[in-house]
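2 protein chains.
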Amino acid sequence: MTRPVRIDGLQYANWSEKIFRQMQEGGVDAVHVTIAYHENFRETVLNIEQWNRWFEQYPDLIMHGRTGDDVRTAKETGRTAIIFGFQNPSPIEDDIGLVEICHTLGARFMQLSYNNQSLLATGCYEAEDPGITRMGKQVIREMNRVGLVVDMSHSAERSTLEAIEISERPIAITHANPSFWHEALRNKSDDVLRALGQSGGMLGFSLYPHHLKGKSDCTLQSFCDMIARTAELMGPQNLGIGSDLCQDHPDSVVEWMRVGRWSKEIDYGEGSKDNAGFPPMPDWFEDNRHFGNIEQGLRAAGLSDQDVAGIMGENWLRFFDENFGPRQV
Amino acid sequence: MTRPVRIDGLQYANWSEKIFRQMQEGGVDAVHVTIAYHENFRETVLNIEQWNRWFEQYPDLIMHGRTGDDVRTAKETGRTAIIFGFQNPSPIEDDIGLVEICHTLGARFMQLSYNNQSLLATGCYEAEDPGITRMGKQVIREMNRVGLVVDMSHSAERSTLEAIEISERPIAITHANPSFWHEALRNKSDDVLRALGQSGGMLGFSLYPHHLKGKSDCTLQSFCDMIARTAELMGPQNLGIGSDLCQDHPDSVVEWMRVGRWSKEIDYGEGSKDNAGFPPMPDWFEDNRHFGNIEQGLRAAGLSDQDVAGIMGENWLRFFDENFGPRQV
Numbered sequence: 054m055t056r057p058v059r060i061d062g063l064q065y066a067n068w069s070e071k072i073f074r075q076m077q078e079g080g081v082d083a084v085h086v087t088i089a090y091h092e093n094f095r096e097t098v099l100n101i102e103q104w105n106r107w108f109e110q111y112p113d114l115i116m117h118g119r120t121g122d123d124v125r126t127a128k129e130t131g132r133t134a135i136i137f138g139f140q141n142p143s144p145i146e147d148d149i150g151l152v153e154i155c156h157t158l159g160a161r162f163m164q165l166s167y168n169n170q171s172l173l174a175t176g177c178y179e180a181e182d183p184g185i186t187r188m189g190k191q192v193i194r195e196m197n198r199v200g201l202v203v204d205m206s207h208s209a210e211r212s213t214l215e216a217i218e219i220s221e222r223p224i225a226i227t228h229a230n231p232s233f234w235h236e237a238l239r240n241k242s243d244d245v246l247r248a249l250g251q252s253g254g255m256l257g258f259s260l261y262p263h264h265l266k267g268k269s270d271c272t273l274q275s276f277c278d279m280i281a282r283t284a285e286l287m288g289p290q291n292l293g294i295g296s297d298l299c300q301d302h303p304d305s306v307v308e309w310m311r312v313g314r315w316s317k318e319i320d321y322g323e324g325s326k327d328n329a330g331f332p333p334m335p336d337w338f339e340d341n342r343h344f345g346n347i348e349q350g351l352r353a354a355g356l357s358d359q360d361v362a363g364i365m366g367e368n369w370l371r372f373f374d375e376n377f378g379p380r381q382v
Numbered sequence: 054m055t056r057p058v059r060i061d062g063l064q065y066a067n068w069s070e071k072i073f074r075q076m077q078e079g080g081v082d083a084v085h086v087t088i089a090y091h092e093n094f095r096e097t098v099l100n101i102e103q104w105n106r107w108f109e110q111y112p113d114l115i116m117h118g119r120t121g122d123d124v125r126t127a128k129e130t131g132r133t134a135i136i137f138g139f140q141n142p143s144p145i146e147d148d149i150g151l152v153e154i155c156h157t158l159g160a161r162f163m164q165l166s167y168n169n170q171s172l173l174a175t176g177c178y179e180a181e182d183p184g185i186t187r188m189g190k191q192v193i194r195e196m197n198r199v200g201l202v203v204d205m206s207h208s209a210e211r212s213t214l215e216a217i218e219i220s221e222r223p224i225a226i227t228h229a230n231p232s233f234w235h236e237a238l239r240n241k242s243d244d245v246l247r248a249l250g251q252s253g254g255m256l257g258f259s260l261y262p263h264h265l266k267g268k269s270d271c272t273l274q275s276f277c278d279m280i281a282r283t284a285e286l287m288g289p290q291n292l293g294i295g296s297d298l299c300q301d302h303p304d305s306v307v308e309w310m311r312v313g314r315w316s317k318e319i320d321y322g323e324g325s326k327d328n329a330g331f332p333p334m335p336d337w338f339e340d341n342r343h344f345g346n347i348e349q350g351l352r353a354a355g356l357s358d359q360d361v362a363g364i365m366g367e368n369w370l371r372f373f374d375e376n377f378g379p380r381q382v
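Here the protein sequences line up with chains D and R, keeping their order.
The opening position of the first sequence corresponds to residue 54 in this note's numbering, with each subsequent residue numbered one higher.
The opening position of the second sequence corresponds to residue 54 in this note's numbering, with each subsequent residue numbered one higher.
Bound conformation, chain D alone:
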């Protein structure tokens, strides 16, 4: 029997041949990679240009992923399909026409807000959440039309519930965990998770220590037991991994992620002045070679073979098939 597909719903590494080889070694068939945090359109295009170079330089390791079938091709040829996404709507600036342009260039996920208020929605660090904006409603409709998935990982509660309601296609929370397990502004309430599951949306479980119970000391068993409990809450078919792996970056990068160009003052986000850098990853998930640990942990937590295969990648693949292109009528 061919092994099930293995997909990571979010990474933002300091990309290199080393990491591409680790993906291959870990049997990771597809990764949704962040290509914009605060970049405007032109800067995002520069990031795509860099990826085009890597596709040219490492054709035996990686390929551009635009569809579920591209993931299957990557799997069959022993490569990793790289799927582009934005953590912030900054690449579309104030121009709804850029939604289709970015989709044509390969974008498949876009967060409507990143921690702060955006033109479209509210981020999870704002004190007030007035919900999806006028432009946000228009952009969700356009994203639905072309097949650019709404991602609410860093968005606030009301905006997230409204996005699930307004979007005519299922949305994703590519990288976050349930609040019932670890209370954090970035983690999600039972209400959000239930609404997400009922609408056919996907949750990718994060391995970023600030999202983990016990942070860097979180155990594999605690993580996998949490997944089993979430499967009961919102259905195992709506779950995947979204590791939020930020490998090999200097700490200046987490500062960029948090502050971009929007503040002259440092904002420590989930960290603190005394703990401002990237936290160490749990020792059972340090890089792409460790996906097998999660698979084993899920089995040990009592999940069925089918549920484990779904969570490790089959669910993301089905979601890609259904949501990465214009809607079939």
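What the hints contain is simulated information worked out from the structure, not anything from laboratory work.
Glycine is no exception: its CB is placed at the ideal position from the N, C-alpha and C atoms.
There could be a bad hint or two in this list.
Not the full set, but computed from the structure, chain R residues with beta-carbon under 10 Å of chain D [to be verified]: (1) 94; (2) 95; (3) 105; (4) 109; (5) 148; (6) 150; (7) 159; (8) 198; (9) 286; (10) 290; (11) 307; (12) 342.
Assemble chain R onto chain D, guided by the hints.
Frame of chain D; chain R shown alone:
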């Protein structure tokens, strides 16, 4: 028998539903449309956004054309495939990475220079022509790699001969006529035409009056006799139409085409102070409904059915099949 395909190798109209309907009425299966004269990358993207709107608004009349097969689909469904091209390399700015980005967005032709010196090559109005630049050589290689066709319609003689030599794939002169018929800076010498034909390149015959013998009074017979003579010079399989139809534009647009942002003084280009606007088209080719006149004229000039079908579109279609994507190895 199905009718042969009909393709126009260049137009730049003031696009409207009226013109799209005229294309349909004229049985025009594909048009290479100019989407940039002097626009930088971001401005070119705005023009693509406008086309995306038209594709959404007029799905029964037009569709985006990226391949020869898209042209066949357009023909089978009674629509016109719209193929994007640039008259100037301004959309790639000083960034070779934008070659692939623009190709991904649909660009299939790019002129290396437009009348003036560019970063890549020399235009036909410059006094000196030092040939293809350092960046030009790099960009030609990259265009060859991704399948973006080099177009030298507005380039100077030496640059054009060098582009034919340097390019590892055939190039195009999408819209110009032979100098032997009508001497003009924009028309092409026998040397250029022979080299173009020997390399498998394509010449699109222009209907723009400044390129015609007798200008607006040029006769259909004179035009078609010229085509027959050019077929002897460079082979009938290397010929097509590139009408340069600039329909429904105010005269301010021809000024933009000529001056862009590069001069504070007016430059009249092929016109003059007393004749600064768009010249009237010959009465046998006023818009897309008149392609049948050319077809009849070519038959009257003694060309075979096969040659006529080739010139009216089959040659462009073969060229699209061979040159619009990454090279097959």
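Here is what the structure says about each hint:
1. 94: holds, 7 Å
2. 95: Holds, because the Cβ-Cβ distance from residue 95 (chain R) to chain D comes to roughly 6 Å (cut-off 10 Å).
3. 105: Check passed: Cβ of residue 105 (chain R) comes within 5 Å of chain D, closer than 10 Å.
4. 109: holds, 8 Å
5. 148: holds, 7 Å
6. 150: holds, 3 Å
7. 159: With a minimum Cβ separation of about 8 Å from chain D (threshold 10 Å), the hint on residue 159 (chain R) holds.
8. 198: The hint holds - residue 198 (chain R) has a Cβ within 10 Å of chain D, the shortest such distance being about 8 Å.
9. 286: This interface hint is violated because 39 Å lies over the 10 Å limit.
10. 290: violated, 33 Å
11. 307: Interface hint status for residue 307 (chain R): violated (27 Å vs cutoff 10 Å).
12. 342: Violated. Min distance 31 Å.
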